[in-house]
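Numbered according to the numbering used here, the sequence shown spans residues 1 to 123.
Rather than coming from a laboratory, the hints here were simulated on the basis of the structure. Just so you know, these numbers come straight off a predicted model, no measurement behind them. Keep in mind that the hints are not guaranteed to be accurate.
What the hints assert, rightly or not - Between beta-carbon pairs, the in silico distance windows are: (1) Ser18 / Leu103: 46 to 52 angstroms; (2) Asn104 / Val24: 17 to 23 angstroms; (3) Gly91 / Ser18: 25 to 31 angstroms; (4) Glu56 / Leu20: 27 to 33 angstroms; (5) Asn90 / Val66: 15 to 21 angstroms.
Glycine included, C-beta positions come from ideal geometry on N, C-alpha and C.
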Amino acid sequence: MPEPASPYVLPEDCTDRSLLKRAVYKCLSDSSYYHFRFRQVFLAAGFQVLQVERNECHPVWQVKLVRGTCVLPHQSVEAARQIGRLLKSNGLSVAQNALSVVLNGNRVTCSFVFAEDGESVSS
Numbered sequence: 001m002p003e004p005a006s007p008y009v010l011p012e013d014c015t016d017r018s019l020l021k022r023a024v025y026k027c028l029s030d031s032s033y034y035h036f037r038f039r040q041v042f043l044a045a046g047f048q049v050l051q052v053e054r055n056e057c058h059p060v061w062q063v064k065l066v067r068g069t070c071v072l073p074h075q076s077v078e079a080a081r082q083i084g085r086l087l088k089s090n091g092l093s094v095a096q097n098a099l100s101v102v103l104n105g106n107r108v109t110c111s112f113v114f115a116e117d118g119e120s121v122s123s
């Protein structure tokens with residue numbers, strides 16, 4: 001399955017540094033940036049991503065997945081540990097005590113606390 005194209009268009013061979021700075025800032029400050037990153041991380045790991053959603057008032061994220069080609073343990077604790085390592089290896093650090101995984105057959109629901117400033121929030 002081909003990867004979806006990035007929704008962010010950066011100017012190539014840009015000699016105007018202020019234009020490049022504005023384009024990069026737009027990419028990083030766009031509200032869908034982390035939605036796209038989480039989706040790409042889980043797609044690359046072999047999951048089918050159904051939904052990526054952030055709570056409006058809190059830095060709580062919920063990702064609904066379907067197991068694809070990935071191998072995931074059948075115990076929620078082990079699955080949470082593996083998903084936490086997956087996120088951390090892709091630069092999206094989440095505290096282990098702030099990550100919850102619910103397994104229901106081939107469906108996986110992950111809930112975790114992730115602050116968009118790049119720092120994970122411990123509870």
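What are the numbers of the hints the structure violates, in ascending order?
2
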